[in-house]
Amino acid sequence: MFQRYILNGLTEWSERPYRKPLILRGARQVGKTTAVSMLAEDFDQYIYLNLELKEDRQLFEQGYAVSELFEAICFVKNKDPQKNRTLLFIDEIQSSPEAVASLRYFFEELAHLYVIAAGSLLESLLGRHISFPVGRVEYLRMHPLTFEEFLGATGETQAVATLHRTPLPDFAHDKLLKLFHRYTLIGGMPEIVQRYAESKNLAQLKTIYESLITAYLDDVEKYADKDSKAEVIRHVIQSAFHEAGSRIKMAGFGQSNYGSKEISEAIAILEKALLLRRVYPTTSMQLPLIPNFKKSPKLQLLDTGLVNFFSGIQTEVFGSTDLNALYGGRIIEHLVGQELLASHDSMQFTPHFWVRKKAQSNAEVDFVLAHGNKIIPIEVKSGATGRLRSLHLFMDQVEHGYAVRLYAGKLSVEDVTTLEGKAYKLLNLPYFLAGRLEDYLEWFVK
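With the numbering used here applied, the sequence shown corresponds to residues 12 to 457, in that order.
Keep in mind that the hints were calculated from the coordinates and are not lab data.
Fair warning: there could be bad hints in the mix.
[Said to hold, decoys possible] Here are the computed lysine-lysine pairs in the DSS-like style, where the Cα-Cα straight-line distance is at most 30 Å:
| no. | residue 1 | residue 2 |
| --- | --- | --- |
| 1 | Lys189 | Lys392 |
| 2 | Lys31 | Lys233 |
| 3 | Lys457 | Lys369 |
| 4 | Lys421 | Lys433 |
| 5 | Lys421 | Lys385 |
| 6 | Lys421 | Lys189 |
| 7 | Lys189 | Lys240 |
In this text the structure is predicted, and so the values were computed from the model without any measurement.
Please construct the entire structure, taking both the sequences and the accompanying hints into account.
Structure, rendered in structure tokens:
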């Protein structure tokens, strides 16, 4: 097992004197159960329940009061109900509405108990009019491995330490870029990274990629309430890899005959399963960043490694020296989006890209982030600064003078002037620092 940074959030939760039961969100196979097992090493006692198992699920179906329920759990699992620090992990909690309801009573009546619940299909409860007790639970979100976690998992301890130096020393650039290319190729799904770390053999990963997508397709029956909807969801999963990072239209998605409503409903279900998300543009020039749902979104999938494998472009990624040249820059842009999402464990965070309000304009900035009272534009581009036309256009319309370019080159700060004559500072940041963008914005703006 390798270190996951979600453990920081889990540990912080466990050390609070007043805490609520924790709902750990995340798609299947991102490592939720493993992370909780690692947290459990600091407890006197660990109880694991998997509610996909009838024996475990039935414990919640007997109508016990919560104190009696806990005693029954301890009896069945041969645990001591009097132990001081007991961590109770309820996995696949969406399988039992009664278990969901019990979280309120664990909070109100057994506050000394440490309770974590997880499940990959939690929003499926909403369709059954079941919800988590409002104000009685809290949430953390888990993602595939970040680049930094990938370095740790593959034994690159010095690379991890150097990645945290601000500013990054020049001598570290070439090796970190090479390692980032390998991360781009493989992705961050834990089982795949584990196998690669053990064998360093890319050929051994094929069966794991295939088993992951098979598992996601098998889950479709759990998402859909009828066969026709399941068919659309399968189509979206299979087509989505080829559309990753692209702006999409709902009608006819994936060269199909499905209508806008069918595709939109299927994508919404997969968003709830945390397998993908629609990233909408904003036209905002000042805070808050307001998404424009009338404009076409981009498609962000769970993991770029899965995208590479199922799009059939692993060979191109493996041989690439410039990630911007792949898929018209969509792969590196997709991975930057993945790193930005993983750097926020909040359920509410969503990245945005910027487009101009004018209907016929094709001006587009890859990402915009709120930093203090500023909206900072971020372009994922290689080449001369004169090619950053959309970035210049954005900078002409804001009062501040800070922008970011993510590229393959070394860290630098450049003085740039737009065609309209506005001077601003451009932070040129290597791709592999995307996960530390917030830290570098702090350094840059100061």
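We went through each hint and held it up to the structure:
1. Straight-line distance between C-alpha atoms of Lys189 and Lys392 comes to about 18 Å, which keeps the hinted pair within the 30 Å bound.
2. Pair hint Lys31 plus Lys233 holds up; C-alpha atoms about 28 Å apart against a cutoff of 30 Å.
3. For a cut-off of 30 Å, the pair hint linking Lys457 to Lys369 is broken: about 33 Å separates their Cα positions.
4. Pair hint Lys421 plus Lys433 holds up; C-alpha atoms about 25 Å apart against a cutoff of 30 Å.
5. A hinted pair counts as satisfied when its Cα atoms are at most 30 Å apart, and Lys421 with Lys385 qualifies at roughly 25 Å.
6. The suggested pairing of Lys421 with Lys189 holds, with an alpha-carbon distance near 13 Å, which does not exceed 30 Å.
7. This hinted pair does not check out: Lys189 and Lys240 have alpha carbons roughly 43 Å apart, beyond 30 Å.
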